[in-house]
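Peer 1: Chains as they are written, first to last, in our numbering: chain D, 1 to 231; chain C, 1 to 494.
Because the hints were derived from the structure by calculation, they are not lab data.
DSSO-like, lysine-lysine: derived pairs with alpha carbons at most 27 Å apart:
#1 LYS490/C - LYS135/D
#2 LYS277/C - LYS135/D
#3 LYS128/D - LYS234/C
#4 LYS128/D - LYS280/C
#5 LYS127/D - LYS280/C
#6 LYS135/D - LYS234/C
#7 LYS223/D - LYS213/D
#8 LYS213/D - LYS10/D
#9 LYS128/D - LYS166/C
#10 LYS10/D - LYS11/C
#11 LYS271/C - LYS105/D
#12 LYS105/D - LYS347/C
#13 LYS271/C - LYS128/D
#14 LYS277/C - LYS110/C
#15 LYS10/D - LYS490/C
#16 LYS208/D - LYS490/C
#17 LYS271/C - LYS127/D
#18 LYS277/C - LYS128/D
#19 LYS271/C - LYS135/D
#20 LYS277/C - LYS127/D
#21 LYS128/D - LYS490/C
#22 LYS10/D - LYS482/C
#23 LYS490/C - LYS280/C
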Amino acid sequence: MIEAINLSKKYGGTTVLNIPNLIIPKGESFGLVGNNGAGKTTFFSLLLDLIQPTTGQIINQGIQVHASEDWKPFTSAFIDESFLIGYLTPEEYFYFIGDLRGQNKADVDALLDKHREFFNDEILNGKKYLRDLSKGNQKKVGIIATLIGNPEVIILDEPFANLDPTTQIRLKRIIKELADNPDVTILVSSHDLLHTVEVSNRIVALHKGEIVKDIATSEETLKELEAFFAV
Amino acid sequence: MFIKFLQLEWKAFTRSSSMGQEIAVKILLGFLGFYMLASCLVLGFALFHILSEYVADKSPVNAVNGALVVWVVMELFMRFFLQTLPTLNIRPLMVQPVKRNTVIHYVLIKSIFSFYNLLGLLVFVPFALTCVKNGLFTPFQAAAWLVIIFGLLMSVNFSNFLIKKKFADNIQQFIPYLLVAVILAGLEYFGIFSITRYTGRGIDRVTDYPVLALLPVLLAVALYVWNYITLKEKFYLDASLQSKVTEAKALNLGWLDRFGPLAPFIKLDIKLLWRNKRPKSTLYLAVMMLAYGLIFYTNEAYDGMPAWKIFLGIFMTGIFMINFGQFIPAWDSTYYPLMMAQNIPLKEYLRSKAALMYLSVLVLFLGTLPYAYFGIEIVFAHLAAAVYNAGINIPVMLYTGSFNKKRIDLEKSVFLNYQGTGAAQWLVAIPVMLVPILIWYLVYKITNPATANLVLGGIGITGILLNSTLMDFITRAYQERKYEAINGFKQQEA
Numbered sequence: 001m002i003e004a005i006n007l008s009k010k011y012g013g014t015t016v017l018n019i020p021n022l023i024i025p026k027g028e029s030f031g032l033v034g035n036n037g038a039g040k041t042t043f044f045s046l047l048l049d050l051i052q053p054t055t056g057q058i059i060n061q062g063i064q065v066h067a068s069e070d071w072k073p074f075t076s077a078f079i080d081e082s083f084l085i086g087y088l089t090p091e092e093y094f095y096f097i098g099d100l101r102g103q104n105k106a107d108v109d110a111l112l113d114k115h116r117e118f119f120n121d122e123i124l125n126g127k128k129y130l131r132d133l134s135k136g137n138q139k140k141v142g143i144i145a146t147l148i149g150n151p152e153v154i155i156l157d158e159p160f161a162n163l164d165p166t167t168q169i170r171l172k173r174i175i176k177e178l179a180d181n182p183d184v185t186i187l188v189s190s191h192d193l194l195h196t197v198e199v200s201n202r203i204v205a206l207h208k209g210e211i212v213k214d215i216a217t218s219e220e221t222l223k224e225l226e227a228f229f230a231v
Numbered sequence: 001m002f003i004k005f006l007q008l009e010w011k012a013f014t015r016s017s018s019m020g021q022e023i024a025v026k027i028l029l030g031f032l033g034f035y036m037l038a039s040c041l042v043l044g045f046a047l048f049h050i051l052s053e054y055v056a057d058k059s060p061v062n063a064v065n066g067a068l069v070v071w072v073v074m075e076l077f078m079r080f081f082l083q084t085l086p087t088l089n090i091r092p093l094m095v096q097p098v099k100r101n102t103v104i105h106y107v108l109i110k111s112i113f114s115f116y117n118l119l120g121l122l123v124f125v126p127f128a129l130t131c132v133k134n135g136l137f138t139p140f141q142a143a144a145w146l147v148i149i150f151g152l153l154m155s156v157n158f159s160n161f162l163i164k165k166k167f168a169d170n171i172q173q174f175i176p177y178l179l180v181a182v183i184l185a186g187l188e189y190f191g192i193f194s195i196t197r198y199t200g201r202g203i204d205r206v207t208d209y210p211v212l213a214l215l216p217v218l219l220a221v222a223l224y225v226w227n228y229i230t231l232k233e234k235f236y237l238d239a240s241l242q243s244k245v246t247e248a249k250a251l252n253l254g255w256l257d258r259f260g261p262l263a264p265f266i267k268l269d270i271k272l273l274w275r276n277k278r279p280k281s282t283l284y285l286a287v288m289m290l291a292y293g294l295i296f297y298t299n300e301a302y303d304g305m306p307a308w309k310i311f312l313g314i315f316m317t318g319i320f321m322i323n324f325g326q327f328i329p330a331w332d333s334t335y336y337p338l339m340m341a342q343n344i345p346l347k348e349y350l351r352s353k354a355a356l357m358y359l360s361v362l363v364l365f366l367g368t369l370p371y372a373y374f375g376i377e378i379v380f381a382h383l384a385a386a387v388y389n390a391g392i393n394i395p396v397m398l399y400t401g402s403f404n405k406k407r408i409d410l411e412k413s414v415f416l417n418y419q420g421t422g423a424a425q426w427l428v429a430i431p432v433m434l435v436p437i438l439i440w441y442l443v444y445k446i447t448n449p450a451t452a453n454l455v456l457g458g459i460g461i462t463g464i465l466l467n468s469t470l471m472d473f474i475t476r477a478y479q480e481r482k483y484e485a486i487n488g489f490k491q492q493e494a
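Construct the complete structure from the given sequences, taking the supplied hints into account.
Peer 2: In structure tokens, the structure reads:
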């Protein structure tokens, strides 16, 4: 369970995020939507203790993220390319993350094999460094790397951006499969309402840092969201 | 257009997250620079009298002319390590209606206004004036002679530009040129072939044929054009901006697994060092600097000054520690958020950096062992210095690293990227070297060299024993400044 209490972030005088109370139960597939500057990445950065909250706190499975590092073993994330190490090959990167998460080479290989289709033969054994891959292929590496070591909390910021249509469909399948696991909480943000509705069972819409919608996904969700954002 | 570029640079400087640090560095460098300028000026006015007193067989002018080539080489050497060249982030400009020529001329012309060009002038202008006063030069000859000096200084300026551009990334290619210089110096020293005599005589002739003064100026112009041509070639995305797609080479680093929990990080750092040009230069520099001791140990003038051995010991065994350590954790800046969000206890991360530096001190110390040829006491001094490096200086470097918030871009190179190849890079080396030398010297003055070695080594061992406590303290410092660092590293270099 993830709990945000009294959480706010101000830069100068502007409030970029203000969440009085938000609870994300274990096993939920949580979708975060909103326009540019709505506070999606800010929320994820706070959750990962990459920035400091101005007030309040986030508790990730009983651990206050700002006070202890103990949430790291069960949490994984891909926010942007700053989560990739450019001078490694994709395999070396996966094994490095595997090392950090206590997975041996065979464990990592098994996971990679499972997602062979997702890579579309463009990534593994390519003799290329990550920095030389296209943005889309870099993203694929980053996303799969978050799955290493069976994390219980997975955070993906804008995972669909930069991906080709085929890969988007495959990614949706992967996320849905993870969402089916009751031990895995998955948090996905996107500008794309349709994608989010498809993979999430709960959607929260942010607008200028405030939660403006908090709905369980149903047939009408997409229409409701579209109506809200059509200004 | 030039004004616009200057405005851009000013904004890049004032809006950088590390501005406070940079201002402090600039002030410190300003003091050192002022001191150097003052020294040069004093030397300039005194040179005539010094030479007429100590060099009896030649006129001061001939003496200076003879030594001029040595001056040029020394200045080039000094500038290579100290002068930071102007840079400009050209990627955003490439598709704008800015002429390539304008950008290149801007960068080159800006280098003319460098502080380092002043130094030579401050020595030679007063010298020429005193020569006129003492009747060795007519005012016209003095002017012609100064034209030569100016031409030579500009040539040094643009040679340095060329050398840095060509060799900053692959410093090992510089070795052949260094060898030529060493051989010429050797021939001169043993009196086999004196290059200074020929160059000296050449410059002497200017008194008779002032037109010759234009030759160095032409040389400077030629170097300018050469720079211009090579820079123009680099002005393409695929040439200097984007790193070439290199085939990934697998490194077999399994033997490092014995470091246990630290192994993944050490392996990562070794790949960092091996696969990126800039960190790789720190490796080459460390190996090349092992020869630095030859300058001192072959020279009898230093025999009476045993503190030099400590300086050399700290410097030669610690050069990698200084050059690599001061940019921790900025080496990892492009993926720092990953390191902070992944399952990595900060202390382990820092301990792995320390382990790498311990390893470097050990390897470099072994590399200095051949200096035993000049006396076994050198080995003891180096050992004391190496232990001090390991015990005290490595924690100090790690601690200062916690203040780093300036991004190092390993992948994208700024047009002429010389980050960390200027005088500022050596500033941090001053306390790191000065403190142990002072300690050693004080103890040596009171007692003897052996005790001084023991004291210095003892301090180092104390540091090693306190390692765990020190690391806890350093980890807290990193924890405190973590958010500042993440934010600073996000800012792309301008």
